[in-house]
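Q: Chain residues, written in single-letter form:
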Amino acid sequence: MSNSVNNSIYVILAPYMQIREKITFFILLLAVALLFLGSLTIGSVKIPFQEILSILGGEVAEKKSWTLIVEARLTSSLTAIFAGIGLSISGLLMQNIFQNPLAGPGVLGITSGSNLGVALVFLFAGTQSNVGVLTVIAAIAGALGVLFLIIGISLRVRNNVIVLISGLMLSYLCGAGVNIILNYSSKNQIQQFVNWGFGNFSSVHPDTIIYLLFLMLGFALLLTLLSKFWNALILGEKFAGSLGVPVFKIRIIGILVTGIMTGLVTAYCGPIAFIGIAVPHICRMLIPKTNHFIMIPLNILVGSAICLIGLIFTQYPFPLPLNAVTSLIGAPVILWILISKKAGWKTT
Amino acid sequence: MENHLDSIAISNLSIHYKKQQVLKDVNLRLQKGGIHVLVGPNGSGKTSLLNALSGEISYSGSILLEGKEQQKLSKNELAQTLSMVHSTNAVHHIQVEEFIRLARFPYTNFLGRLSETDKEIIHKGIQLVGIEELLSKSVDELSDGERKKVMIAAALAQDCPIMLMDEPTTFLDIGNKFLFSKLLQQMKLELGKTLVISTHDLDLVFQVADSVLLIQDQHIEQHSVQEVRDQKLIEKTFEAYHLQLDANGKLIL
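Protein chains in written order, with this note's numbering: chain A, 905 to 1252; chain B, 70 to 322.
Rather than coming from a laboratory, the hints here were simulated on the basis of the structure.
Worth double-checking, as some hints may not be accurate.
Computed footprint of chain B on chain A; a stretch qualifies when at least three of its residues, placed anywhere within it, have a C-beta under 8 Å from a C-beta of chain B [to be verified]:
(1) 1125-1137
(2) 1146-1159
(3) 1185-1198
Don't be surprised by glycine CBs; every beta carbon is placed ideally from N, CA and C.
Bound-form chain A, shown alone (with noise of 0.2 Å):
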């Protein structure tokens, strides 16, 4: 045998990462680091980097009004960090389920059932200052609702076109349904709904946000731990079920925990476009692998980072609303796949 063939053989049964994926992960890390300090210094109101790291100590500052700032910068940017994980993990996963490259909570209408279950709330229990526990609970039951949906679906037509067609048209019934919504509320629910729409990373209280963090990471630690059977799962129903794979029971829990992830991050940041989708393919690109051990992982420091880019370009160098900037980010990221066919998956 060759050696070439040798080589081949042992990297890819070497069950530890290359050393090209750790620097890949470690420049990562570097860089949500940096983006997260990055995103606590950039703003309107300019702070010396050396006041913030002050603040960040618990150290008095220069001017009171900067530690009120520094205290909202740091929630707003723990929710980049929170929606970036539970997005693009809810991405990945779903992409596996429905061996679908195209799969995202957007995409399927998994956002817009949300939507549907906030637009709700937002009429018969009035507009919140704060993201209530209602608004999260409907915007999980939305999610949730439209997932099942498309999973009945998915498994009738098992054909990925119409699967994604389908989700298209759910969305296009919960869009429906908003708008009927919409027409029966005052003009400040109007606003209120309109607002939270556009997306945001600032409505999260600063006491809640650390417990949704740790949330959201104990949901990506289960998943990983779970990873065998996502990479099993990459094999198709069929052989990955003759392989001892209990595929309906590991794809009720995905759906699942994938429904919930998109519903918190949909209650407290709004429908947030193309993260979801956009990220697993990125991380792809890093690193062109399977395993979830690595994607798992790989995918919680990438989402993070577009997300906290996504933030400081919300407030650098002019306001802009954060669904436009993901928009930007995402959008030719899904183009440059369709066009140059790196999805590698089929359509049917």
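Using the hints, position chain B against chain A.
A: The following block gives chain B in isolation, referenced to the frame of chain A:
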């Protein structure tokens, strides 16, 4: 009577599909380390029998795999007893080596990490099938013949005493068909596998089969290749009396 030389023992097996009876009162004993070829018209129940053996569809009656009642085996035990060489249509963008590695699923721990034994078994299968040069390619870039080999290597990585194949020579050219027949013999002789193959390929029947399972009218009869040839059983099974086969089982045109 069950025999310790039997790899598969089927008793009073009946299968219904969409409220229609497909197979009725099937009784078979398939010898260990043999190549057993299923032959029958389209829709006669070949795939249904394979699906029943692999536990994918329900049935009445009994199937013993390596002496154990199939319905009492856990998913993992079944996956360690019987592997299926799948068609590759549903397989997506994944590197060949990673694909084969995943077939060790029933043996790996919770984190899916491969042991030295796992790696050795994977390596052996890759060498036997001869796909070393394909390992770094993506499964969806392969030709039909190459894909078939990769699927066999994956089934070998699963390391089961019984292997099932549903119409494995479809889409293979003459050269690849020849290699495939040779590979089947190797799997039987070198690894002692029991192979159950459904096919319409008469070359395969007459070249490699130890026993021929003829399906007709919901029943399965087991014959030797000699009996099939001498009694013109292929012609009878397909009710195609105009068919003429020579002494080697080749179709005379």
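Q: Could you check the structure against the hints above and give me the numbers of any it violates, in ascending order?
A: none
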